[in-house]
Amino acid sequence: MIEKVLKGSPAFYIWLLFLGGIASLGVFAYIFQLKYGLTITGMSRDVSWGLYISQFTYFVGVAASAVMLVLPAYFHHYKKFKKMIILGEFMAISAVLMCMLFIVTDMGQPQRMLNVILHPTPNSIMFYDMMVLMGYLFINALVGWVTLEAERHDVDPPKRIKFFIYLSVVWAFSIHTVTAFLYAGLPGRHYWLTAIMAARFLSSAFASGPAILLLLVIALRRLTGFDPGREAIQTLTKIITYAMAINVFFFLLEVFTAFYSGMPGHQHPLTFLFVGHDGHASWVVGWMWTAAVLAILSLCLLIPPQIRDNERVLPWALGILVIASWIDKGLGLLIGGFTPNPFETVTEYAPTFPEILVTVGVYAIGLMVLSVLWKIALDVKKEAGTF
Amino acid sequence: MSTTRRQFLKIAGLSVFGLGASTALDAADAVAKDMPGAKYEVGGKHLAAKRWAMVIDTRKLESREDYARIIDACHKVHNVPSIPTKQEIKWIWTDKYDRVFTDDMSQHLSPAVREKDYLLLCNHCENPPCVRVCPTKATFKRADGIVVMDYHRCIGCRFCMAGCPYGARSFNFGDPRPYLKEVNPAFPTRMRGVVEKCTFCSERLEVGLLPACVEASNGAILFGDLDDPNSPVRKALAENFSIRRKPSIGTQPGVYYIV
Ligand code: SF4
Ligand code: SF4
Ligand code: SF4
Chain E
166 MIEKVLKGSP AFYIWLLFLG GIASLGVFAY IFQLKYGLTI TGMSRDVSWG
216 LYISQFTYFV GVAASAVMLV LPAYFHHYKK FKKMIILGEF MAISAVLMCM
266 LFIVTDMGQP QRMLNVILHP TPNSIMFYDM MVLMGYLFIN ALVGWVTLEA
316 ERHDVDPPKR IKFFIYLSVV WAFSIHTVTA FLYAGLPGRH YWLTAIMAAR
366 FLSSAFASGP AILLLLVIAL RRLTGFDPGR EAIQTLTKII TYAMAINVFF
416 FLLEVFTAFY SGMPGHQHPL TFLFVGHDGH ASWVVGWMWT AAVLAILSLC
466 LLIPPQIRDN ERVLPWALGI LVIASWIDKG LGLLIGGFTP NPFETVTEYA
516 PTFPEILVTV GVYAIGLMVL SVLWKIALDV KKEAGTF
Chain Y
19 MSTTRRQFLK IAGLSVFGLG ASTALDAADA VAKDMPGAKY EVGGKHLAAK
69 RWAMVIDTRK LESREDYARI IDACHKVHNV PSIPTKQEIK WIWTDKYDRV
119 FTDDMSQHLS PAVREKDYLL LCNHCENPPC VRVCPTKATF KRADGIVVMD
169 YHRCIGCRFC MAGCPYGARS FNFGDPRPYL KEVNPAFPTR MRGVVEKCTF
219 CSERLEVGLL PACVEASNGA ILFGDLDDPN SPVRKALAEN FSIRRKPSIG
269 TQPGVYYIV
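Line by line, the protein sequences give chains E and Y.
Position in the first sequence (from 1) plus 165 gives the number in the numbering used here.
Position in the second sequence (from 1) plus 18 gives the number in the numbering used here.
Bound conformation, chain E alone:
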């Protein structure tokens, strides 16, 4: 099936070339980082993780979200999703690859990466995170390929693959739960030390991941005419709406616990993010309020069925939702966890230009992988008449 990549329209190759250009800027910035070290980033002794790890976290969520198509289709035999499933699985593959790249770019000594395997440490959550991510990549690649191959030959997928499909559902929950545990088990990091961290991660992932997928699919429909079906879009939008509502609800639970209990440690990160700490208002304050307003706005656009089912409004609602969830999880979560620092003071963090360049480079690589995989999937579908 790989040969499908070789036969594309000029537009497709220009697109790949464009992404390749951006990716090479990222690679260039990364070489710079390899030469001078992570000192070129905005991270510091007090805020020792930054954009790379937060993007890793966000995209684990995107990867896990494929389950929102697989679960209804295979557990509830919801046939309408079948057409789109492969796109979700392939998006999961590129998201996991991006996660891995973000981890590597964040390492101080990337050439020693194998130490995680050479000296397996079962008490470290990072050890499990690496294992479940690799497993998820493998499962999705296997399931995606086998089902697509079956579609191409117009036969039912082999029965044995069912096992891996069910496994992928459980596994999707596991990757994001384990990623939440990276944060949720650290004493002294008040913003992260919460039992609903994994639940928050999952809800925000199941809102933002399918929203990104749907946005891409809508773009795909414009570009190629591939139509996943009106009902499939509407059902997925409902799922997104529920997940986002739960996500906002969970966040409000955190706010309640922090402020009703009156415990300073729990309040400080939230006050830092939304008004500033100790008279010190950071640049994130504006971003966090934007996220809050956009989150509510997205719900206002998604909850009433008349607006939700309006295909003109839908892309806007989804876009707003993605921005809100990205600020919350791809920015606020990390900065709030590190500020105030262990001395209850504020050390500012803002990503630097090279850091942003590396991040955008990883995005571009992810998008390249996704474009190639989706092209294969769509070409196979065209041939098989399931387009």
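Warning: the hint list may mix true and false statements.
[To be verified] These stretches of chain E come out as covered by chain Y in the derived footprint (C-beta under 8 Å, 3 or more residues): (1) 202-213; (2) 289-295; (3) 504-517.
[Unchecked claim] A partial selection of chain E residues facing chain Y, derived with a Cβ cut-off under 7 Å: (4) Pro352; (5) His355; (6) Thr359.
[Unchecked claim] Selected chain E positions facing chain Y (Cβ under 8 Å, derived; list incomplete): (7) Gln274; (8) Gly353; (9) Ile383; (10) Ile398.
The hints are simulated quantities; they were obtained by calculation from the structure and are not laboratory data.
All C-beta atoms, glycine included, are put in the ideal place defined by N, C-alpha and C.
Following the hints, complete the assembly by docking chain Y with the ligands onto the known chain E.
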């Protein structure tokens, strides 16, 4: 007849091979014995304890010079660079009361106590989160309670920095060597991309010396075995009121403060 013969040959062959192998092993052993450091032996002078701990008598530390002397002593022997940015590296440093004892917020603390500087360093926790989270065992706890690091195994993931509730760890964001004024050749300098922190002077204990900061403190910092009721630390703790940093999070710090 032929079977027995074949068996004989087999046995003979095996024994020749075995003999050869054992001679080779002997030879290798002999070579290894002559290699420096091939045999691990605890030096005769080394200091041992069941649980090393430190008591800082803050009443005995007054002037800026007191602190500077102690901090310099540590940073000089351990080749700790002075980097003037937020990406700094420090093993031992000072801060004010409410920054050090963040969950002890007595509103009307005596101004003398509140305004004073306090030394901070790695607590060598009994239950260290940094060890728990490290994915490579590059940070580990020794049997005597000291939490140490292997700079050659560390992958620079900085999970331990997120895990440490005391901000005791520093990361080499860039190459630290240009920031060293002079290098102590007896202690390794570090490379870019690894984490480091106070080692409780494990390398000095090995040769019978107390930690450098303890030596430089003129008796204000005590060091000893927490499991031995006659050790200087236990005696000081029995006679004085002492506190530790963030006691509620269950890490059981090994550094005590007499205030
Ligand atoms: S103070 Fe921090 S670095 Fe030192 S042992 Fe405790 S958790 Fe680890
Ligand atoms: S930075 Fe090094 S010591 Fe710290 S957790 Fe990672 S591998 Fe372990
Ligand atoms: S015990 Fe040793 S390494 Fe730790 S602060 Fe004192 S002198 Fe430095």
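Okay, the hints, checked on the actual structure:
no., hint, result
1, 202-213, "holds (count 9)"
2, 289-295, "holds (count 5)"
3, 504-517, "holds (count 6)"
4, Pro352, "holds, 4 Å"
5, His355, "violated, 10 Å"
6, Thr359, "violated, 15 Å"
7, Gln274, "holds, 4 Å"
8, Gly353, "holds, 3 Å"
9, Ile383, "violated, 38 Å"
10, Ile398, "violated, 40 Å"
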